[in-house]
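Novice: Please construct the entire structure, taking both the sequences and the accompanying hints into account.
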Amino acid sequence: MGVAFIATGMVLTALSTTEAAAQKGYEFTSFTVIESIVPNGVGRSRIIEALETRDYKEFTTVRTEEDNERNKSDRGEIRVKNFAETKILNFYNIGGIRFQNIAANDAVIASKVNAMFDEGWELITITVGVESNSGKDDGDGIYITRYYFKRAK
19 MGVAFIATGM VLTALSTTEA AAQKGYEFTS FTVIESIVPN GVGRSRIIEA LETRDYKEFT
79 TVRTEEDNER NKSDRGEIRV KNFAETKILN FYNIGGIRFQ NIAANDAVIA SKVNAMFDEG
139 WELITITVGV ESNSGKDDGD GIYITRYYFK RAK
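Position 128 of the sequence shown, counted from 1, bears residue number 146 in our numbering, the numbering being contiguous throughout.
None of these hints come from the bench; they were simulated from the model. For glycine and all other residues, C-beta sits at the position ideal for the given N, C-alpha and C. Among these hints, one or two may not hold up.
Stated by the list, open to error - Pairwise CB distance ranges, derived in the manner of DEER restraints:
| # | residue 1 | residue 2 | range |
| --- | --- | --- | --- |
| 1 | Y44 | T104 | 20 to 28 Å |
| 2 | A170 | N111 | 42 to 50 Å |
| 3 | K154 | V126 | 30 to 38 Å |
| 4 | N111 | T71 | 31 to 39 Å |
Specialist: Below, the structure is given as structure tokens:
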């Protein structure tokens, strides 16, 4: 009986904490790091951060068996024209992979993350991906890393 009471108390505490957090509200933001792995230093590497917001509902279509019309959102309305673009270095130059470039990128990205912390943002997740066709004589590819943050409104 005592164990059930304690478990119920923990659940109620968790629910009230979650409810308080929901009432308080959060805002979310992200930035994306794109690091080129194109040989010979011809790629472009950047940190990209949107400076405008978009409401996803304006570009969402619900499709059903009865109404299967495709999404006709205008790409021009979705596109963000105001964004911050921070130049970082490519992984390769004419001589091959540059470890100094990777270290420099780490320093710039850490500076960006630290600035976000200073502004009250909390890092909640990092998502990574690589794009490369890896076919014969593959010379193209990028690393994409997204950093997601939240803070109380």
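Novice: Of the hints given before, which are not true for this structure?
Specialist: Nothing - there is no hint that the structure violates, so all of them hold.
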